[in-house]
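Participant: Use the sequences and the hints to build the structure in full.
Chain order of the listed sequences is E, F and D. Residue numbers for the first sequence follow numbering that gives the first Met the number 0, so the first one is 0 and each next one is one higher. Residue numbers for the second sequence follow numbering that gives the first Met the number 0, so the first one is 0 and each next one is one higher. Residue numbers for the third sequence follow numbering that gives the first Met the number 0, so the first one is 0 and each next one is one higher.
Errors might be hidden in some of the hints.
Quick look at which bits of chain E chain F covers, simulated, 3 or more residues with Cβ under 8 Å [claimed, not checked]: (1) 341–352; (2) 361–367; (3) 375–387.
In silico lysine-lysine, DSSO-like type, Cα no more than 30 Å apart, as pairs [claimed, not checked]: (4) D:Lys51 <-> E:Lys296; (5) F:Lys145 <-> E:Lys345; (6) E:Lys348 <-> F:Lys88; (7) E:Lys276 <-> F:Lys3; (8) F:Lys64 <-> E:Lys342; (9) F:Lys8 <-> E:Lys348; (10) F:Lys64 <-> E:Lys345; (11) D:Lys332 <-> E:Lys78; (12) E:Lys238 <-> D:Lys332; (13) F:Lys145 <-> E:Lys342; (14) F:Lys8 <-> E:Lys276; (15) E:Lys78 <-> E:Lys296; (16) F:Lys145 <-> E:Lys348; (17) D:Lys332 <-> E:Lys242; (18) E:Lys93 <-> F:Lys3; (19) E:Lys348 <-> F:Lys64; (20) D:Lys153 <-> E:Lys78; (21) E:Lys276 <-> F:Lys88; (22) D:Lys51 <-> D:Lys79; (23) F:Lys44 <-> E:Lys276.
The set of hints was computed from the structure by calculation and includes no laboratory data. Note that the Cβ used here is the ideal one computed from N, Cα and C, for glycine as well.
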Amino acid sequence: MSQSPPGSNTAAAAHSPAPVGGVGGPESPPTSNRAAEFAPAAWDADPDTDEMVLNMGPQHPATHGVLRVELRTDGEVVKAARPHIGYLHRCFEKHAENVDYPGVLPYTDRMDYVAAMGNTLGFSLAVERLSGIETSPYVNTIRVVMAELQRIASHCVAVGTYAMDIGAFTPFLHLLRDREKILDLFEWTCGARLLYNYNWIGGVSHDLPDGFVRAGRDLLREFDSVTWPELVDLIIMNKIFIKRTAEVGVCPPELAVSYDLTGPNLRGSGPPRDLRKDAPYCGYESYDFEVGVGEGKFGPLGSCFDRNWVRVVEMRESSKILHQALDRLETMEKTDVHEKVPKRVKPPKGEVYVRSEAPRGQLGYYVVSDGGINPYRVKAKSPCFTAMSVFHHLARGMMIADIVALIGSLDIVLGEIDR
Amino acid sequence: MDAKAIHDKLVGRFGDRVTGADLEAASPFATIATEAIAEVAAFCKSEPELAFDNLMCLSGVDYPKADPPRMEVVYHLLSYRHHHTFALKVHVPRESPSVPTVEGVWGVANFHERECWDLFGIAFAGHSDLRRILLPDDWDGHPLRKDWQDPDYYNGLHVKPTAQMAERAMGGERIGVGPFDFTPPNAHIEEG
Amino acid sequence: MQLTHDLIVQLLPAFAEWPLWLRVAIAAAVPAIVCFHFMALGPLVYVYAERKISGFMQDRLGPNRVGPYGLLQTVADAVKLLFKEAIFPRGVDRRLFVLGPIMVNVGAFLPFVVIPWGARLQPADLNVGVFYVIAVSSLATVGLIMAGWASNNKYALLGAMRSAAQIVSYEIPAVMILLVPVMIVGSLSLQDIVAVQEGGLHNWLLFRYFPLMPVAFVIFFAAGMAETNRTPFDIPEAESELVAGFHTEYSGFFFAMFFMAEYTEMFVISAVSSVLFLGGYLAPLPALQQIGPLPLGWFWLWFKAWSLVFVMMWLRWTLPRLRVDQLMYVAWKVLLPIAFALVIAVGWFVLWPVTADGFWWDRYVGWPLTLLLVGFLFVVMVRALLWNRARARALAPQAGAP
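Facilitator: In C-alpha cells form, the structure reads like this:
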C-alpha cells in the first residue's frame, strides 16, 4: 500500500488521475499519487494542543492480526479511536462468483482461520437450504462434534491470547497445549490441522476414524479436570486480571444489539441469545447445555471481563455437548457421509440467508443462486466485522492499555473482518 | 409473526411504496421504493409488533442482465424480541446509484454501507463517513460489479504479469516495476 | 578494600612500601574489577534460568538444544546479539542513544560496591551503605529517560515516561522501608546490619517485631520489583502494547546491555533484601557458616539472593500486569501509607525500652515459619512430580491414536 510521498520528485505528473480500469500502456505506467487526495480530513491533531496521534499500526503484537487503530490521545487517555481494516482483504466474494459451490468451501475456511470448521458449516447449511438437502443424523452428530471441538479450540486461542495481552504469559501455553490435542484429532480425521475443508455440501469430507470417540473422551477428561479449573483459578479469578478488565469496555445491551454484536460479545452484555437455542440447526435442540451470559460480577455488566467470562463458560458447555455427542456416536447407526453429497451442486434459482453460531458470533451467508454451477453472489457476514463497528464507540475515554484489553475481548480475527 | 403478516403490516403503513415481495422464498423479502427505505427501516425498528432491532446483514448485489439493469441492496432484519426475520430489498440503477442511509436506525449500517460503497459504488445519502473500508484508499473502481476488469497497473506495479513478462524477467530485465520513488517518508528528518 | 590490601601485602611484601595513593588505588580497583566481572557474568545464568523456569511453568521444556540441557543457550544469544547490527534509526540523538544503556548499567552495577559477601569480603564498607545503594540505583532512571527520548519514537517515549514515573513512585515506599532495618540496627552500614543478625535464623531481621518486619519485607520486595520493571509492573516494556517500550529501537549489543542491566538490577534488589532482612552472608545455623577453613558466607548470600530472584521470576510468569494508573495507585495509596505506618510503629517500638529488642515472641517465630514454608514447598513439589508421572503413564499407550 505504499505510495510515493507528496513532495517527491517522480518524473510523471504526480497528480494526473489514473483512468478507471487502468489503460496505461506497458511502456509508461501511470504513476499514482492518489493517497494524498484521500487523507481523512480534519483528523490530524492540532500541534498546539496536548493531543497526540498514536498509531497502533498494522504490525503490532496485540492487534490480533493486521489491524490499524489510529488513536488520538491526551497523554494516556484516548479521545478518539479509528480502526482501519482491509489489510487482509483477499476478495473472497469475487472469488466465490468464479468457482463452483464446492470450490467456495476452501475459501470460506480461510476467512476465520482460527475456527475454520464453523465457516464451512455455515456455507454448507446455506447451500443445503437452497438445494433442499437434508443430512442424516449421523452426519449431523459429526458436524456437532467438530463444531464444538472447534469452539473449544478457538476459545483457547481467544482466552489465551487475551491473557497474554493483559500480561500473563502462562495460561496461553496451558490452553494451547489442549488446543494441540484437538488439532491432533482434526488432523487424524481429515488430514489438516487448521484449514480443513471438512463440512461439504450434503455431508462431510471424511468419516470419523476408529478410536476417535475414545481419544475425544481422553481429551475432554483432562480438559474438564485440569485445564479448565486451572484456567479459572490462575487467570480468570486473578485480582489483577479482574481489575484490568472488569470496569473497561462496558457495552450496554441496546448498543450491542444496534451494532450487531453477536455471540459471546452480545451475551457478555446480558441477553442470552444463542443461535443454537433460538434457531437450532444440525440437531442442537436435542443436546442439553446452558447458555453462558455475562453476570457483571466484578463490575458493570457488559465489560471486557464479562465477554471473556462467557467464552470461558462456553468452553465448559461445549465440553458438555461433546460428551453427549460422543455418547451418541457410539450407539448411533453409521451412514455413509458422502451419501447426500451431490455430484454436481446446482441449486435452483433463489436466494437465502442462513446464519450459524460460530465461536465469534453469528456467521451469516447470503447466497444468491441463478441456477448455474457457480454462485451468483455470496456475501459472508462475519461477526468480527460488526464487532469492529462498535469499537470507536467503546474506545472513547479509556487508556491505551485498555485499548488492548478491548480488542482482545472482542476476539477479532482479521481474516474474517477483511475476507 | 410470519412473513405474510409482516408484509401486510408494511403494506398497511406504506401502501404502494412496498413495490414487491416474495414470501415463498427461503428468506422472504419485500421490495421497497428507494426513497422510502430510511422511513421503512425506522418503522420496522420502532413498531412494537415488528421490533426489528437488529440488522443482520446489508449486502449489495449486481444484476446487469436484469431488465432493466439494476443493483440491489438487501437488508436482512432480525427481531430479538419476537424471534422473527425478514428481508427488505431496494432496487437502484447501475449508474450513480444512491440510497438513503439507515445508519441512524442501526449503528452497524455504518460499516456495512461503507463496504457496499467500496465494492459496488452504491452511495448512501446522509452517511457520516462514506469512504472505502476494505480496499486501499486510492483504489479506483468498484470491483464486485459484474463488469469489473482488473486494472493493468496499481501505483506503478503490474497487477497481472503476463507470460511474456515472466520470460523477460528470467532474462534479467527488471520487470513489473514502474518508475517508483524509493525516497522514504522520513527523508526530511535530520540525522541525529 | 582492607582485605585486598592485606592479601597483596602477603603476596608481595614490598607492596606496603608503595605510596599511599597507589596502594589505595590498586586495593580499590582489584575488588571492583573482580566483583564487576562476576556480576557481569550473572545475566548469562539468569537468562538461562528464566527461560528454563518459565518453560517448566508453562508445561514446555525451555532451551535444550544448545549444549547439554541448553546450558550454552545464553552464550549463543550473547554471540548473536554481539554480531547483530546496531541500528541507529534516522533522527535519533546519537550521543544520548548510546549513553542511555550505559547509564542504566551504571545504575545497576554500582550498588555491588557495598554488598557484603563476608565479614571482610566487600569492595568497600561505606558507613552510609544503605544511603549509597538508594542513591546510585536512581541513576538507572536517567538512563531510561535518555533511551526513550533519544529513540525518536512515540512508543519509546511513552514507555520511558511511564517507566520514569513508576520508578520514582516506587522508590518512595522502598526508601521508607529501608529506614526500618536501619532504625533497628542504628547504622547505615550494611556490615553492621548483617552483624546484628548473627546467631542463627531466629535472629534475622525478618522475624523481629513479628508481624511488622515481614510486611516491611514484602513491601520492599514489591517496590524493588517495580524498580526493575518486572511483571506485574512491566508496563514500560509491555510487549503487547508498546512493542518493547523504551528499548524498542535498540538492537544488537545495546539491547543486550538493557537486558544485562535488568537482570543485574534484579539480583541487586534481591541481594539488598537478603542483606537487610534475611541475614546477608550468615548461615541459618551458625554451624554451617564454615566448612573447615573455607568460609561459606558468599554461598549463603548467593543462595538467598537466588531464591528471591526465583520468586521474582515465578511472579513474572504467573501474574498479569497492572495498568499504569493502577500501578500508581498501588504505590501511592497502598504501599506508601503502610510504609509510613511501619516506620512510625517500628520507630516507636525501638525507642520504647520494653520492646527495644523486639517482641517477646520474635525468637520463637523464625524456625517454625521457615520449616513450615520449606515443608509446604516440599509437599507441593512431591505432589507435582507424582501427578506428572501419573499423567505420563496415562497418556503413554493410546491404541489407535494418531
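Participant: For every hint, state whether the structure bears it out.
Facilitator: Hint check:
Under the rule that three or more residues need a Cβ within less than 8 Å of chain F, the assignment of the segment 341–352 of chain E holds, with 4 such residues. Only when three residues or more bring their CB closer than 8 Å to a CB of chain F does the claim for the segment 361–367 of chain E stand; here the count is 4, and the claim holds. Counting residues of the segment 375–387 of chain E whose beta carbon lies closer than 8 Å to any beta carbon of chain F gives 7, which meets the minimum of three for the stated coverage. Note on Lys51 (chain D) and Lys296 (chain E): the hinted pairing is violated, with a Cα-Cα distance of about 37 Å set against a maximum of 30 Å.
As the CA atoms of Lys145 (chain F) and Lys345 (chain E) are separated by approximately 20 Å, the hinted pair is consistent with the 30 Å bound. Of the pairs offered as hints, the one joining Lys348 (chain E) and Lys88 (chain F) holds, with about 17 Å between alpha carbons and a cut-off of 30 Å not exceeded. Annotation: proposed proximity of Lys276 (chain E) to Lys3 (chain F) holds, straight-line Cα distance about 25 Å (limit 30 Å). Restraint check for Lys64 (chain F) and Lys342 (chain E): the C-alpha separation of about 29 Å stays at or below 30 Å, so the hint holds.
The hinted pair formed by Lys8 (chain F) and Lys348 (chain E) meets the criterion: a straight-line CA distance of about 28 Å does not exceed 30 Å. Using a Cα cut-off of 30 Å, the hinted pair Lys64 (chain F) and Lys345 (chain E) holds, with the two alpha carbons roughly 20 Å apart. For the given pair, Lys332 (chain D) sits about 27 Å from Lys78 (chain E) by alpha-carbon distance, which is consistent with the 30 Å threshold. With a C-alpha separation of about 17 Å, the suggested pair Lys238 (chain E) and Lys332 (chain D) falls inside the 30 Å cut-off, and the hint holds.
A C-alpha spacing of about 28 Å is found between Lys145 (chain F) and Lys342 (chain E), which places the hinted pair at or below 30 Å, so the restraint holds. A C-alpha spacing of about 28 Å is found between Lys8 (chain F) and Lys276 (chain E), which places the hinted pair at or below 30 Å, so the restraint holds. Note on Lys78 (chain E) and Lys296 (chain E): the hinted pairing holds, with a Cα-Cα distance of about 28 Å set against a maximum of 30 Å. At most 30 Å may separate the alpha-carbon atoms for a hinted pair to count; Lys145 (chain F) and Lys348 (chain E) meet this at roughly 18 Å.
Distance hint between Lys332 (chain D) and Lys242 (chain E) is fulfilled; the C-alpha atoms sit about 16 Å from each other, no more than 30 Å. For a cut-off of 30 Å, the pair hint linking Lys93 (chain E) to Lys3 (chain F) is broken: about 34 Å separates their Cα positions. A C-alpha spacing of about 15 Å is found between Lys348 (chain E) and Lys64 (chain F), which places the hinted pair at or below 30 Å, so the restraint holds. For the given pair, Lys153 (chain D) sits about 17 Å from Lys78 (chain E) by alpha-carbon distance, which is consistent with the 30 Å threshold.
Taken as a hint, the Lys276 (chain E) and Lys88 (chain F) pair is honoured in the structure, with Cα atoms around 28 Å apart against an allowance of 30 Å. Taking the CA atoms of Lys51 (chain D) and Lys79 (chain D), the gap is near 19 Å; set against the 30 Å cutoff, the hint holds. Taken as a hint, the Lys44 (chain F) and Lys276 (chain E) pair is honoured in the structure, with Cα atoms around 24 Å apart against an allowance of 30 Å.
Hint check: violations occur at hints 4 and 18; the rest are consistent with the structure.
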